[in-house]
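Colleague: The lines below spell out each chain.
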Amino acid sequence: MNTHQGTFVRASMIEGSAPPVAEGGVVHWLRENLFATPKDAVLTIVSLLALAWFVPPAIQWLFIDAAWTGGGRGVCATVAQGGSQPDGWSGACWAFVNAKLDQFAYGRYPLDERWRPTLVGILFVLFLVPMLIPKAPFKGINAILLFAVLPIISLILLPGGWFGLTFVETPLWGGLMVTLILSFVGIAVSLPLGILLALGRRSHMPVIKMLCTAFIELVRGIPLITVLFMASVMLPLFLPQGVTFDKFLRALIGVSLFASAYMAEVVRGGLQAIPKGQYEGADSLGLSFWQKMNLIVLPQALKLVIPGIVNTFIGLFKDTSLVSIIGMFDLLGIVRFNFTDANWASSVTPISGLIFAGFIFWLFCFGMSRYSGFMERVLDTAHKR
Amino acid sequence: MAKRILTALVGAAVMGIGTQAASGATLDDVKAKGFVQCGVNTGLAGFAAPDASGNWSGFDVDYCKAIAAAIFADGSKVKYTPTSAKERFPALQSGEVDVLARNTTWTINRDTALGFNFRPVNYYDGQGFMVRKSLNVKSALELSGAAVCVQTGTTTELNLADYFKSNNLQYNPVVFEKLEEVNAAYDAGRCDVYTTDQSGLYSLRLTLSKPDDHMILPEIISKEPLGPAVRQGDDQWFDIVSWTHYALIQAEEFGITQANVEEMKKSTNPDVQRFLGVEADTKIGTDLGLTNEWAVNVIKAVGNYGEVFDRNIGAGSPLKIERGLNALWNKGGIQYAPPVR
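First to last, the sequence lines map onto chains A and B.
Just add 295 to the spot in the first sequence (first one is 1) and you have this note's numbering.
Just add 925 to the spot in the second sequence (first one is 1) and you have this note's numbering.
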């Protein structure tokens, strides 16, 4: 029971007073982060000057002076070059990107049939997004849809040739579609295959160990460009006359095997990091090899090497543009291919096209990188810093 | 044109295997599969480039269509294999393509050691120089000490070295891997001189910021006869490809165009009648393994040589290349067809 009645006792807490001006607010933040030491101050000023020097002209070139619409090289060429822009003009030629956008997405896939890759793309997004959200239910069914049903649907829809669909041969495929197919297949194949190879390389069975090591070292020792070139150019020379198999398929196999070898070493790094006690603990529980791996070792090992795995994925995604060396047009390839369209020849067309392609690549890579950061936080149960 | 050194190496390496594939009747194969597999460039303005809807178009592409039309009376029965400079010869040797219409220079090495046959030259090209007018240079012989922009790994680079060496001139090569990098470097003033094949100089001029400040020097330092190539060992196929070109030339000489070809069939000129296969008891096409209407079909599909040239690289295109050596023999050029009789 409270018997104190003295007025000197406060009934409520004093409101906290604001910190001194120098210790809070914008000024403090600036002082702490930008001007903490004379060296910092110099660096800050130099960086700001560099930005001021670089950013406004970039914005001017990319957006304000850019040619957004138009049907030919005229809108992106100066009067002296035979166009309509004033002399000395320079700006991005987004009209070119705009006019060729469909080609950049589908390559030379026939116009009337483009609903097929679009449909596959929509299904891909529908199946992929719930797969990526940890809380979404029905992961098992979802995985089957994404990794078994979708490839079958794609195999029916994209080339066609049955169920009344006209056949679209793979040389007509191109653009972002090819980039995405190559990297999705590469990623979906390389992770499981890489895990198997890594386990094989650490196996105590000499034949398996030797085969896996030989495969990894052989594939990793050859540049991807050589793998693709061999698959595309040399392979037909060794096959009997008339026996060919699809160039796109060859590239798919080449890219997947190549990525698997890299993936194997990343995964092996994770396996090495798991203390021996974990393996022995699993053994003492009487778990079989696969139970041990599935339940104890791999969940820990894979979690550790997420940055390495995503690194390989991002590398693979960008490496797919090497298929242009064998005459296939991925996103970058089809953009460059369109530079040769004389109807769009101008001094700013190539750079505009390349900026666009770079931006699309960046979007995908940045997305993967952000998602991997998110997964690291979700799975980070033991190594929180 | 991109004529890479590596190509020759790869080509030579696979030759032993390659030539074995080069036998049998290509025409029968082509007829059986229903289309001509044509090797083209992976992208060269005016020769093989995408049109607005992404279909192949260009000078070389029209040759593919013409060959298909000669066989099937339908210019669309072609499938294109885009080949890089490195890939093109193995692709032809392995039988992956039936004919290579890829702005390929006819050289003795390619005609013999690599196992190919060249005959008609559909485009006479040659390496030239472009300079800024402000340099006040009137001849390539005044270029001593100049910085020369050139694409690496091409015969262009080798020709350049030969030319400057034989004329005792000094130069600084500024080399790049990609054509558009060379273009950008020249436009930005990183070098005084730009050298590539003349057809390339014309397409470059479209992309310079001030085209009028530049001039093309009169010297042509190399011969670059470009034409379709086939594998050795199938003379009938070689004849079909060759005579498709000659038909285009002959049509221009006779004044037969895509528009008036049906009308010209009624011509009383016996040469024209023979050419178009309307002469009685003619074997003008059957001897080639085709129908007697083959020349008509070719012209219907792509027009005559002049039309093909004009539409893709000549006055009717943004490139505006002059006919020059590629004019008919009776109009100051050297394009000439053997008599059709």
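Heads up, a few of these hints could be off.
[What the hints assert, rightly or not] Below, computed lysine-lysine pairings styled on BS3-like, alpha-carbon distance capped at 30 angstroms:
#	chain 1	residue 1	chain 2	residue 2
1	B	1004	B	1245
2	A	613	B	1103
3	A	613	A	598
4	B	1063	B	1256
5	A	434	A	598
6	B	1004	A	613
It should be emphasised that the hints constitute simulated quantities derived from the structure, not laboratory data.
Colleague: For the pair supplied as a hint, residue 1004 of chain B and residue 1245 of chain B, is the alpha-carbon distance within the 30 angstroms limit?
Modeller: Given that 30 angstroms is the threshold and the Cα spacing comes to 28 angstroms, the pair holds.
Colleague: Given the hinted pair residue 613 of chain A and residue 1103 of chain B, is their Cα-Cα distance within 30 angstroms?
Modeller: OK: residue 613 of chain A and residue 1103 of chain B at ~19 angstroms, within 30 angstroms.
Colleague: CA of residue 613 of chain A to CA of residue 598 of chain A, is that 30 angstroms or under?
Modeller: holds (24 angstroms)
Colleague: Going straight from one Cα to the other, do residue 1063 of chain B and residue 1256 of chain B come out at no more than 30 angstroms?
Modeller: holds (28 angstroms)
Colleague: Check whether the Cα positions of residue 434 of chain A and residue 598 of chain A lie no farther apart than 30 angstroms.
Modeller: Holds, because 18 angstroms separates the two Cα atoms, which is no more than 30 angstroms.
Colleague: Check the hint pairing residue 1004 of chain B with residue 613 of chain A against an upper bound of 30 angstroms on the C-alpha distance.
Modeller: Given pair residue 1004 of chain B, residue 613 of chain A holds - Cα atoms ~29 angstroms apart, limit 30 angstroms.
Violated hints: none; the structure is consistent with every hint.
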